[in-house]
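Protein chains in written order, with the UniProt record's numbering: chain L, 1 to 540; chain F, 1 to 540.
Please note: incorrect hints may appear among the correct ones.
Note that the list lumps identical chains together, so a pair holds whenever it fits in one copy or between two copies.
Derived BS3-like pairs: lysine-lysine, alpha-carbon spacing no greater than 25 Å straight-line [unchecked claim]:
hint: 1; residue 1: Lys330; residue 2: Lys481
hint: 2; residue 1: Lys112; residue 2: Lys357
hint: 3; residue 1: Lys304; residue 2: Lys354
hint: 4; residue 1: Lys330; residue 2: Lys191
In short, the hints are calculated from the structure, not lab data.
Given next are the chains, with one letter for each unit.
Number of protein chains: 2
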Amino acid sequence: MTRERLYLFDTTLRDGQQTQGVDFSLADKQRIAAALDALGVDYIEGGWPGANPTDSDFFRAAPKTRATFTAFGMTKRAGRSAANDEVLAEVVNAGTPAVCLVGKTHDYHVTKALGITLEENLENITASIAHVRAQGREALFDCEHFFDGLRANRAYALQAAKAAYDAGARWVVLCDTNGGALPHDVRAGVKAAIEAGIPGDHLAIHTHDDTGNAVANSLVAVAAGARQIQGTLNGLGERCGNANLVSLIPTLMLKEPFASQFEIGVDEEALRHLTQTSRMLDDILNRVPNAAAPYVGASAFTHKAGLHASAILKDPATYEHIAPDAVGNKRFVPMSNQAGQSNLRERLADAGLKVEKGDPRLGRILDEIKTLEDRGYAYDSASASFELVARRLLGQLPRLFDVERYKVTVERRQNARGEMITVSEAMVKVKIGTETFMSVSESMDTEGNDQGPVNALSRALAKDLGPYQSFIEDIDLVDFKVRITNGGTEAVTRVLIDSQDRDGNLWSTVGVSANIVDASFQALLDAFNWKLLRDGAQPA
Amino acid sequence: MTRERLYLFDTTLRDGQQTQGVDFSLADKQRIAAALDALGVDYIEGGWPGANPTDSDFFRAAPKTRATFTAFGMTKRAGRSAANDEVLAEVVNAGTPAVCLVGKTHDYHVTKALGITLEENLENITASIAHVRAQGREALFDCEHFFDGLRANRAYALQAAKAAYDAGARWVVLCDTNGGALPHDVRAGVKAAIEAGIPGDHLAIHTHDDTGNAVANSLVAVAAGARQIQGTLNGLGERCGNANLVSLIPTLMLKEPFASQFEIGVDEEALRHLTQTSRMLDDILNRVPNAAAPYVGASAFTHKAGLHASAILKDPATYEHIAPDAVGNKRFVPMSNQAGQSNLRERLADAGLKVEKGDPRLGRILDEIKTLEDRGYAYDSASASFELVARRLLGQLPRLFDVERYKVTVERRQNARGEMITVSEAMVKVKIGTETFMSVSESMDTEGNDQGPVNALSRALAKDLGPYQSFIEDIDLVDFKVRITNGGTEAVTRVLIDSQDRDGNLWSTVGVSANIVDASFQALLDAFNWKLLRDGAQPA
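So here's chain L without its partners, still in its complex pose (with noise of 0.2 Å):
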């Protein structure tokens, strides 16, 4: 079976750039554009050349890409000619293969709005898509708010989409500017745009997610006929965002009656590098990916139930819809207070620690995760420290130093030029085998790094570790959590700490304690030991 062509029309670096608090710079432009190209989208819509410096900068040095490179702008105003129209000239100017042109299909807009007459709003769209059409670009045409006009003045939006249409725009797109329609508003506006002559294969959905009904709107679109669809990496966007293209584009793939039916231009190896693209863009953005993201979110595979979790180790397609590796993503058996002896072995065995089905140190194993869970503790994420717990008591947790005591200053002060400084200082007496080793680290706010008491602990800690040294010198405490929490009735502090070592390897830690600082010694004390155990240290 012959299957028909979808295409995808990126506009992460257009209508994503007005996410609030998102504002890319010229280099993030050429990532991404870079990215998606790479990812196999059709379109990519650069921005809005004129409209802001970095957007004409970008246009005027634009990436080559095997998509088709595509400008945005609007329609000409009234009163003048479609080549004297200084906005729109400077979006056709760009030279850009492909020009992306908003305009009004809404009544209400038309007057209110624009202050124009209906007659003028049609005269200003096929002027412009007509003049795109003259330079020998190819024309798309953004219905702004079609789906309201459509309720409000059903043969005026049809009338200005289909304008565009005869004037020769390549697309339609049905755009749902505002985000308040809903699937079956779609499906209608649609249908209702194939029947006043626009055929299927020159519609575009362009939906946002203000209803929390994006990805649904655009696969209701394509399920009427639409054949192209508009979106964003992540679901960036004015408001609540665009359709994710991400979520879009595995269901577009994988799931039927879409698959076998829709050739899309991302191919299967793309696919399986989808996670890693969504990844990187919040990486760009400095943001902190969506845990719960369809298909690439670090949850997407997590089991947390214990039921799901013992029926995953006999066939993970028991509970997966899909196969976490097929977009680039992994599954993962976490450790909780929901958790089954099953699961429990599956994470024993990711730990190398194999334990026999009925073994009754797994009932002991899981009777203290909870009481420690009860004390405040969290093992979901703390993998390492969850894994110190199950040795301890599987009796395979060597002693390999004893922490005497710790001491940490926080000073705030003036320095010698009358300067407000703020220091930190710690001290750590560490017993091992027969021997005592005392270090201490100072540190001040003057290098912009996380100046406070648990870096200068950390620092102490790894200054001298006797025999240990060699083990500990590569770990860097890359994050650190806290959070207030009940440890039984009483509010306790715990502390969430990541590290690294020099191969990348990331591992984490919990400490729990009514004190922020003990709360933070206990992760890192724990941090620290389970580096030394896996890298194989041997008591002293």
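Fit chain F to the supplied structure of chain L, relying on the hints for placement.
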């Protein structure tokens, strides 16, 4: 026209607990149950009695709710009677008015995961539901993997669902356990169940967001005839989460055809607190609220595009599908235009600071807030710190006291009895007018309260503030939140402190630094200063 009743079933405390990284304490569960009850959901599923100590404790002292309080469990196992299954007994013995039991409807899971015959499974369903009914409880049957089951063995999936209905289940819950169903699958599944003889007003829908369609799948199920929606606050839940009730509720109440067709238990007043309810949950979990969340996100009514922002000034309805205050949210038009300034004036008026329209100091305050937020400060919730910044730029911030220096020490060591103890000690030196005050405070980890450095600093500061002593004696530090965030290009620590006085007034302050103790101390100082100003302290 009479509207049909549509029921909301909340599973935040059960399925939501299976979110990776979420670990409710007993107190968390109690607070969330109260918030859900105030919201107006019809059912609150509290957890699985017997599955873990927290859930058992929670059901032991079950909250009194207007909503039907529900326990979750699974159908009895084969080879024993319902009365003799101890797992089921723990669930039933929790004594809740309703019990929801999950069971298999997918033939493969019956034979593979349970290892029993299809007939045994039907008997388990029938006997378990009948047992719950015989105890005088309302029964719900959760059809695990219903949509996959329907595809694999249509007759058996429907037979299993119908068996529960025939045994007296008030609701048969069509569950998309692995989240793989798309809207057309859900529509077909609901119709199949109705055709098999289960009336729509006995059908519930339970979806997961693994393809980004959980909300749409819930809506499509209602359109197809189901009359109960299961979901969670903020879309918590296993893997990618459950259907987000916070997104669904406004759609059901405000958008057609749902608003005219259905009545739900949430009233307009509760809807106006929806944003607050959503943020409260994030607050309990110390999660960063999702800015892009439909309806309640901080960006949901943020108009960043220039075209949109100017039209919004003429008529908000041009780019908003609903009025933000209907859901307790606010419109936000970023910076340096008239709308930004009027927002600011409103905020200042809230703090009792009257500033005329057009006052150039408004622009200076906006710039300063933006600069500080770029450095990691957050003023959305830290209103008291915001007020202090504004007062400083308005020349209305008297200098009451200066901290010349402080020093805090945390030490872990053996006490005289050879036990390891942690001691925090703080010293603060304050200058008031020409006088200097020095105070120290010490604490040990014996009382279970926060014994950390911040508390020690707070107590030292409160010990002697000279002429201001009477103003600050009743300050109580009630909450303390820490987040690593970005200040420019560096990771910094942001501390939010909530303080309270003896009249129950609550105020929030923020501090930012590379040093957690320093960030905390800034927030503490703001808290003290704000209290002094509010109570009319005058410079010495």
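Against the structure, the hints come out as follows:
1. For a Cα distance limit of 25 Å, the shortest separation of Lys330 from Lys481 inside one copy, 23 Å, qualifies, whereas the shortest one across copies, 30 Å, does not.
2. For a Cα distance limit of 25 Å, the shortest separation of Lys112 from Lys357 across copies, 19 Å, qualifies, whereas the shortest one inside one copy, 72 Å, does not.
3. For a Cα distance limit of 25 Å, the shortest separation of Lys304 from Lys354 inside one copy, 21 Å, qualifies, whereas the shortest one across copies, 53 Å, does not.
4. In the homo-oligomer, the alpha carbons of Lys330 and Lys191 never lie at most 25 Å apart, since the shortest distance is 40 Å inside one protomer and 35 Å across protomers.
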